[in-house]
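Here the protein sequences come in this chain order: A, B, C and D. Just so we're aligned, residue 0 is where the first sequence starts under numbering that gives the first Met the number 0, counting upward by one. Just so we're aligned, residue 0 is where the second sequence starts under numbering that gives the first Met the number 0, counting upward by one. Just so we're aligned, residue 0 is where the third sequence starts under numbering that gives the first Met the number 0, counting upward by one. Just so we're aligned, residue 0 is where the fourth sequence starts under numbering that gives the first Met the number 0, counting upward by one.
Just so you know, not all the hints are guaranteed correct.
As the list claims (entries may be wrong) - When the alpha-carbon atoms are kept at most 20 Å apart in a straight line, the in silico SDA-like pairs for lysine to any residue are as follows:
id, chain 1, residue 1, chain 2, residue 2
1, D, K291, A, D75
2, A, K108, D, H276
3, D, K291, A, Q86
4, B, K199, C, G343
5, A, K108, D, A401
6, A, K249, A, D75
7, B, K263, A, A345
8, D, K291, A, L18
9, B, K263, D, A401
10, C, K184, D, N255
11, D, K291, A, F88
12, B, K199, B, G295
13, A, K509, A, G468
14, A, K219, A, T60
15, C, K311, C, E78
16, A, K249, A, G468
17, A, K509, A, T189
18, A, K219, A, D294
19, C, K184, C, G343
20, B, K199, C, P204
Said to hold, decoys possible - Taking CB as the label site, the calculated pair distances span:
id, chain 1, residue 1, chain 2, residue 2, range
21, B, G58, D, A156, 35 to 41 Å
22, B, P79, D, V117, 36 to 42 Å
23, A, E66, D, A156, 47 to 53 Å
No wet-lab data here; the hints were simulated from the structure. Bear in mind the structure is a predicted one, so any value in this text is a computation, not a measurement. Here a beta-carbon is modelled for each residue, glycine too, at the ideal position from N, C-alpha and C.
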Amino acid sequence: MSAPAVDLRQITKQFPGVLANDEVDLTVERGSVHALLGENGAGKTTLMNVLYGLYRPTGGTVVIDGEPRTFDSPRDAIDAGIGMIHQHFMLVEPMTVTQNIVLGNEPQKWGGLAVDRERAREAVAELADRYGFDVDPTATVEDLSVGEQQRIEILKALYRGADVLILDEPTAVLTPQEVEELFGVFDELTEAGKTIIFISHKLSEVTTAADAVTVLRDGKDVGTVDADSVTDTELAELMVGREVLFDTDKPPVELGDIGLATRDLVVEDDRGVRAVDGVDLQVAEGEVFGIAGVDGNGQSELVDALTGMATPAAGQVFLGNEDVTHAPRRQRIDDGMAYVPEDRQARGLVMSYDLTENGLLGSQRDPQFASSGRIRWDDAETHADDIIEEYDVRPADADAAAHSLSGGNQQKFIVGREFARDPDAVVASHPTRGVDVGSVEFIHDQLLGLREEGTAVLLVSSKLDEVRGLSDRLGVMHDGELVDVVDPEEITEEELGLLMAGERPPDVPKATRRVGGEAQ
Amino acid sequence: MNPDRLPGPIAGLMGRLVDASAGERLAVSVAALLTAILIGGVVTLVAGVFATCSDPILGPFCYNPLAVYRYLFLAPLSDPFVLQETLKNSALLLFTGLAVAVSFRAGLFNIGTQGQLVLGALAAALVAVRVGPAAPDGAVGGVLIAGVAMLAGAVVGGLYAAIPGALKAYADANEVITTIMLNFIASDVAFFLVSAYFQKPGSGSVETRDVPAAATFGPGLALAMAVLLVLAVTYLLWGTAFGYDLRTAGIQPDAADYAGVDAKRMMVTSMTLSGAIGGLGGAVWVLMSVGRWVNGVPALGFDGITVSVLASNNPLGVLFAGPLFGSMQAGSLSIDFQLGVPRQLVGVIRGLVILLVAMPELFRTLGVRWGMGGVR
Amino acid sequence: MGLTPAHREWRTTMRDQIDRRTFIGGATGATLAGLTGCLGGGGGSEAPAHVGMVYSLGGLGDEAFNDMTHAGIQRAEEELGIAYDNTEPEGQSEFSTFQQQFASSTDPDYDLVTCIGFSQLSALQENASEYPEQDFMLIDSELDADNVASYRFREHEGSFQVGHLAGLLSTREFSHEGSYSGTEKTFSTDPEAKTVGFVGGKENPLIKKFEAGFIAGVHHADSEIEVRSAYAGSWNDPGRGQEIASSMYDAGADIVYHAAGATGSGVFSAAGERGRLAIGVDSDQSLSSDASHTIVASMVKHADTAVFNATKDVVNDEFQGGSTVMLGLEDGGVEAVIGTDYEGEIPQDVLDALESSREEIQNGEIDVPTEPEN
Amino acid sequence: MRPSPTRRLAGLGAFVLAVIMLTAIVELFPNTVVGAAIGGALATAGSILGIMDSAYAASALRLSVPIAFAALGGIFAERSGVINIGLEGLLILSAFTGVAVAHWLTGDGTTAVGPGIVLLLVIAVLLAVAGALLGLLGDTTGEIAVRAGGGVLATAALAGLTVALAGPTLAATWLAFYTAVLVSTAFALLFAVVTIEYRADQVIAGLAVWLIALGVAPFASNVIWGAVNSPGVDTLGTWTVPGLSELPVLGTVLFNAGPVVYFLLLATPLSWYVLAHTSFGYWVRASGENPKALDTAGVDVRRVRYAAVLLSGVFSGIGGAGLSLGRVGSFVGSGTTMIDGRGWIGITAMLFGNYNPFGAFGASLLFAALDALQFRLQQLNYAVPDSLMQTVPYVTVIIVLALVGRTRTPDAAGEHYESDED
């Protein structure tokens, strides 16, 4: 057997403060489809950027066709026959398909005075023909569908002589039909001897399309498995890992009325794709409702619609008894909704503000800190100090700018601020991501404390232990739909994995309905 | 100044203003200013070679940069006239610098302060002329007229700035381009309006009638008003929820959304506020400097950009940068007058300052290279 | 018509001045000596008078109005030994500043502040009462104040003369061999096309006087000649001036007269390109223009004389505060001067006709309008 | 390049609007008619049509030169992702430099071509050295040497050729013209360094370029001539194409014009060609729309942007010196200088023309034609308030922006681009 097409050995990539890849090994056989599986932030993209020459590894070797290589730039990687299709397409939208494909390697005529468009078009047509792509070389890219654009990207790599194609989450933006077609393309390509590496965090497609799967978790590779023999459940376990199980003993809480609910909620993403597709859920006061699911299955969009960051395309959102579907975010804040956002650096904190100012984010008009529009900075500072003390934020300095805090401390501050609102409803999106173990426990206790106070809590997390341990009921999302609502204490990890993969195993322990009434 | 020693609310405010990166920005501004002055000095020296004079300072050099800078910065101290001019310029630059700073703080490039000022000035002049005869005599009347005129200036300037704000918010039209265009439109339209309808009888130039003398005031009062306004706006930006919303929207729009700020409305509001301050500056220009609206309004709006940029859009910085440029502008009369160095030199230095302040990277690089960790 | 001795002398001064400009450089060169490097230091304190010059917009080097007044003060410097300082405002709002700068200065204490141009009227109204001890002179406008001497010109009369000349030349064969921009060329009229043109800077009552006199003069020669007028809307846009004049020449104009400051230099370029004629304004522009072969005549407005006389009055302690001197054809305040390259080329009957119309204006037989007839 | 139907519609709408505004202004302020509105309108239309002859077309073409060159320069810079609002400043600088050098070489009656060549070469060498130091000319020493040397040699050859072909005075004027173009380019290089190398805000830096030029040109005029306005110098004259210039209409418009008009007529299609048909054009567009796409395709975004900004300097140089040396033969530095906002109109023409060289040329021509029309109407005694007429381009652009929004601008315009960690 010949040398593997790609052999990454002990790749380590250190960013300031973050170890993105930790001695990762990856061996990809020629002519195979190899999937790289892992949660967001597991280091998949970093690893591929190393392979594509965008990053230089801190340690380890890149071996291509048995030869160790050092890439200083993508140009070197391209020369070595590696092509990458990024998650965000590197296409120039107002230019034509042909122009995009030949960009940087235009065939010339008249001694370089002009691009030989005829030759370029022919080359593209010939290439498309060879791999069975149906593209119009003269079409403008911005007029094409996402799936078509992706094929242009693939052609672009092939035009540059790529033998190894890296695709970063290629299905994330595709419709199911387009995914189907893409996998068809994979077959064509591997038949022609090309090698494919694709990044994914969707279990089902990995087992469908790949020959082998390497799973990354927290920057480390946790093993490579044969895609034909592995089950989705095993993959889910590998991916999410077994973390310390918290012995959270949740005292029974008297359930109140509906605190937070949606009805037939539909949310579209930027491209008009239905990211949330008809979700109905009710969270009672005094209940933690967990949402489990692999990242990118509509959780973010659901949270946006609930919190007023996005306007739903259809359906309704209720806060208590009130229909807040079209209410501005301001009103939801005033009505007692707290929100721990997923992206703390863009939304949750103003990075150049100090903690006193960040402590006001969202409460800047709260009578607690402002009287007739005037902010009482003393009270704001006391408030920030309280959060700092209670949540053990370090450095314990209300004058420190948010960007000077570590990610975990930033997160603790946000959680502290939101929970301190004494909210009626909480939407917490990955509240413990990037937080140290001790703090995780603390945040969990706070969440449960809110529950006991009769707050409706919606918890979104990709950590299975977390949602299972904290939730009274657990909803599983897949592809924009709420697949099922289960009893977190009864369900097995295996069943949960299947649900997350979009399958419905028989006899899943349903959550017993304990919610009082329907949303109005 | 140790903020902790100040009374509570003020200490809080001061703390807000002097945030973590203020030191760096201050360092960049000072470095940029010094570099611009240095380059300006070299330009002066070299220009002196091409000029002809009867008494060169040394060899072929006609101009003495040191003398030039002595006049630019120190003339107000020794020459009452230059001092008077400095006060006037400073007051006006405080208004326009503040106007620009407010919009920049809100994340909007309001290059249109000039146009807002021109129309605000026109409105103020017309209102003052119109209201004049109806107002009671004496100081009361003067205050009344001036008050109404300044209000008119602020309203017109604000409304005129609301146009690009609304275009940006609701039509996604780049405010840089629209405000530049609106500058030209403002001066052309004002010229037309005055020459066609409000021309001062018997005058050969395009100008309005004189505003009532009772309504005019000196640079002292104007400066006091400007400083008060700067402090008021400082308070507005750092002491109120509105200011918090405005700053957050300017610095991190996503976080503003998160905090429940209506970003689009904030664009219109902050542009209106900025324009109102610019329009107020125009009114002060009419009432303090000329006593009527005349064609050829000085480029105070553009100077305001310089002031704001040098002050890194911090109102308290404007409080220093405004008078600095005000003094340089007044001093430019002196260098022309006393040294024979063309006063356009100040325009060159002004441009250099903006250019240099715009590239903090340069100073960071230099700071690192020279081992000055403090600049980082 | 022709060169009066006074004018000959003035022409020499003007030539000197132009030559000197390239040498002296900074206009304040004369006072530079004692000043460099010392704050508030006074220079030339032994001079019998100090004059502060506040020029009109467009600045020195306009080869017209401002340079003319500059020539006047330079003559005073030479003949009377006075000292002077120049300021060139860049906008209308700066007039007041510069007037005040001179008026408030104590070292030197200016004996006279010369305010050039009608635009300074409003500013001077205030400053004259603000500084009652300061003597001012105002050119091109009138202010009734004890400390202001006003000098105005009958521009329409001079314009009538050049209009008359244009009208007379336009209807006959007339040509001049010369050069433009390095190429030999013939500059001629087209007797068939009975059209001449007028280009103004910004439209205002003063420039309207030029236009009115010019039109009247043209029609005095031949009432059938069409006069095309247009305003450039700017004093500093020669590119536009050139296009406007070109459009007039293209429409059949033989001769174009301008009263447009620096914009007017474009009129000469247009004439040069088209091989047509132009008429200058304010000063004898054939002396300074690069396109002197196109300038058949200039309507000279002796602002230099006004400046010189007022300065002399101050030196002799005879300052005429509160008076208005009106300078017209009669007293040589305005006159039509044949271009240097055209001396001796203008047919005698034309010169005779000009001479007689001049007399008729002076004795009141011709009443020159101050507002354009159409 | 391909405008979508909505954009085309918006462009058309804006054009119609401009025409309506023009007519409205003409109609609102006639000197004569008040009552007979319809008759007056017909008469106006008649006389407007009467005005539009070949001389009118030629005039509009000449007036459009500095505007269109600024617009072409702006197109290259902005399509590469660098917003250059300093074009007005570049026009001012080159207009001044051209006259200053021409006056230096020919001013005192004698003509000195030698110093002109030396000056030109010195600037060319400095530019080449700067380019080499910035790493713009290539990666290997050989490459750099060949390109830098080639540039300087080409400049020398051009200068030599000019001197050989033209008489001494004309040659000196041309040398001054070349120098002005190089100085404008050098200033554009400064702008490029500041924005690309030091990541200065493009808008602020552009404003600075404008303000500096607005100060430097009158300052230097004052130093050299003791006044903000220059004495007269010779112009580049006109080029008459033998035979063709005799053609009825085209002859006047196209074949008997100043050299800079020919340059414009060449530069417009050439710019279009470069953008649409050459690799460099592909790169410029990609760099402005999605620099990352270009970077990952292995092309150095930085060099592309430098080249584009330098081109904007070259074009602005031709436009500015073309106005001062090509036609007028002097520099006027008072007030807003003789450029008087033409660079800004150039930016509006660029926007109105949707970043297409032909579109920008058309828009420049339209604005220039409105101007030429305005002062022709005056001559027929239609009192058109020129101050209102001058707002037409600006209002048009605002309307276009309001209708079309930002979608027209290259996606990455105004943003710094840095390739990920090296």
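**Request:** Take a quick look at whether K108(A) and H276(D) sit within 20 Å of each other, Cα to Cα.
**Result:** holds (10 Å)
**Prompt:** Can the restraint linking K199(B) and G295(B) be considered satisfied, given a maximum Cα separation of 20 Å?
**Reply:** holds (15 Å)
**Asked** Do the alpha carbons of K291(D) and L18(A) lie within 20 Å of each other, as the hint requires?
**Response** violated (25 Å)
**Prompt:** When you check the alpha-carbon spacing of K249(A) and G468(A), does it fall within 20 Å?
**Reply:** At roughly 9 Å apart (the allowed maximum being 20 Å), G468(A) and K249(A) satisfy the hint.
**Prompt:** Can the restraint linking K263(B) and A345(A) be considered satisfied, given a maximum Cα separation of 20 Å?
**Reply:** Within the cut-off at roughly 18 Å; holds.
**Message:** For K108(A) and A401(D), compute the direct alpha-carbon distance and say whether it is at most 20 Å.
**Reply:** violated (42 Å)
**Message:** Need the status of pair K249(A), D75(A): alpha-carbon distance at most 20 Å?
**Reply:** Not OK: K249(A) and D75(A) at ~57 Å, beyond 20 Å, violated.
**Asked** Is it true that the C-beta distance of E66(A) to A156(D) lies inside 47 to 53 Å, as the hint says?
**Response** Distance hint for E66(A), A156(D) holds at roughly 48 Å.
**Prompt:** Going straight from one Cα to the other, do K199(B) and P204(C) come out at no more than 20 Å?
**Reply:** holds (12 Å)
**Message:** For a C-alpha distance cap of 20 Å, please report whether K291(D) and Q86(A) respect it.
**Reply:** This hinted pair holds, its Cα atoms lying about 13 Å apart.
**Prompt:** Is it true that the CA of K291(D) sits at most 20 Å from the CA of F88(A)?
**Reply:** holds (9 Å)
**Message:** Can you confirm whether the C-alpha distance between K199(B) and G343(C) stays at or below 20 Å?
**Reply:** violated (47 Å)
Of the numbered hints stated above, those contradicted by the structure are hints 4, 5, 6, 8, 17 and 22, listed in ascending order.
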